[in-house]
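Just so you know, the sequences run in chain order A and B. Be aware that the first sequence starts at 1, since it is given in the numbering used here, and climbs by one per residue. Be aware that the second sequence starts at 1, since it is given in the numbering used here, and climbs by one per residue.
These are computed hints drawn from the structure, not numbers from a lab. All residues carry an ideal CB built from backbone N, CA and C; glycine is no exception. Treat the hints loosely; a few may be bogus.
Among chain B residues calculated to face chain A with C-beta under 7 angstroms, some are [as the list claims (entries may be wrong)]:
no.	residue
1	Ile148
2	Ile178
3	Thr187
4	Ala204
5	Arg221
6	Pro223
7	Ser232
8	Arg264
9	His318
10	Gln321
11	Pro336
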Amino acid sequence: MLTFFKTAEAPPPQTPTGFFTDTTLCIGCKACEVACKQWNQLPSDGLNWRGTSYDNTHVLSASTWRHVAFVEQLPAHGERSGQRGIESTWMGDADGSTGQFGRWLMMSDVCKHCQQAPCEEACPTGAILYNEFHNVYVQQDICNGCGYCVSACPFGVLDRGEEDGRVHKCTLCYDRQKDGMTPACAKACPTESIQFGPVEELRERARRRVEELHRRGDSTAYLYGDQPAGEYSALNAFFLLTDTPQTYNLPQAPRRPNARLLPNYLLGLAGTALMLGVAALSMHRAGRAA
Amino acid sequence: MSAQRAMFSESELRREDQPQLQLVPKPQAAGPDYYGIPFLKRPTWKWQIASYFFFGGISGASFALATVARWAGGERTAEMRRLAHEVSFLTLLPCPALLIWDLGKPARFYHMLRVWKPGSPMNLGTWILTTFGGIVSLTAAQSLGEQIDIPGVSRLLRALPARAVEAAGLPASIGITIYEGALLASTSVPVWNQTPLMGLIFGASSLASAAESIKLAALLRSPEAVPEWAPSLDWVTRAARGLEWGTIVLHLRQSGLAGRPLRRGLRGAQLFGSLGLTLAAAALPMLPAPPEHKPRRALWGALLGLAGTFLLRWVLVHAGQQAADDQQAAHAATRPTERAPGWQRARGWTER
């Protein structure tokens, strides 16, 4: 029992690493999902088709650490979409009578490995920490399943496993990185939609990619999470998107939960002090009058 | 293929001739979000946490009221003070069990105490609760030592400066009531995190329910008469309930669409029920009644108020489930602002 109160010496810090997920290159093959499950020995979730898209995992969870979102933007029947570009797809019927343009957006979602992660700030046991690669990591021998990080994460990444009661999420293949290897998902990605490397390098590469896309006429490309946005930190796993964040089931502008802490404490203290003042006054009167 | 292509003229298919066909975000057939799938996870907290917030709040606020009673009320409120300490001790008893029950790995509860991390409200709360538990146990032992004579031990306990112990417990006791709200507020759950008012709601609500609990304890002990110091507690209840509900209304107004899960459906009905119960409880002692009915009225008033408080804790905790599922509310809660502009705006995104 006392071993938990001893702290081991932290390994020397390495260059911060992360993911750059370029959604314009994703072909929705789900090789990342499979590679992740295989390497991390995660159980199957079953094939849960919802009848809305080719997405059969729907969300990130304790057993799904990479999730490929399939956004199918097909125009309503009889209407022709003006969207044409890199992802633009011909959606004609077999007889060619109702040909329409639509597009598929695919995104391999993953833990964002925030530079100032709400889950790390919330964790009461110190189970969640930044490892030497500045990746957000859940120590499975420490986590006691309090669930606070589940509510803290603005992206809904962390999830408590039903079987073992602990929280699981992407480790950014900490074990592979320690051996100098590329994380399984990035290794398996056939189109380099998932790129792994030092974060600074990835950011440079991502900005060049956005410029290139803009030059080619895809003016909607932007980076999600490459830099801090107000109170929210930059993400070490960031994305190149071509539509609104909501389209990919990402929050438009995540908030930093801990920014709410001090005002809550102070207002609560002020209100309680006021009420205790009322109590003191009425008790003082009761003490004299009776 | 050629038959399909013929649908469009040559120039339509060549992008350079089509400046109006720019890639712009436009409403899609699939809807503005991702097939209605929530992007937040449901909070893992259930009835154990709702119950803990109820008991913990009463325990902390009772201790604070006991301390105030000693300073302000003197000897006339000595009975109230003793009862408040008993209430504080008894309501604290179930708290650790409830908190441990809620964990995914209950056997690892003590991991909460392996680090000192005041930036995490749950870690800070655990330390506050541990400190408070020690102090409340000490006061309970002192009170027991006054009543039963255990050779040696009683003398030791009497030697303890009661005022100093109470003063030491006061910050922890107030801390317990406020951190509960701050704990919910510093999450990404829309129904909790939109205002800085949760700490205030929990602080006020705890004080009101503590005053009712002390009154209830007195009436359970001697049901034939309302204690003479009871009106002073009624004033605390009234003031705290006013502050509590004023703050809740403000919280709902400020939260906008993000507060919808608390206003609608089952949770809305429960919140309204809680308001009704606490209002009825506050009004009961004010209604004219023959003297022989007064103790019974007071007893019912206290019970109704406590039921209302429990219901409030229940709604506030459980509304987190609906809030995580309501992706419209969740998106409304993460709309870009000056403090949190998001990345879409930051990169010069043009909306049409």
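What are the numbers of the hints the structure violates, in ascending order? Hints 1, 5, 6, 8, 9 and 10 are the ones this structure does not satisfy, whereas the remaining hints hold.
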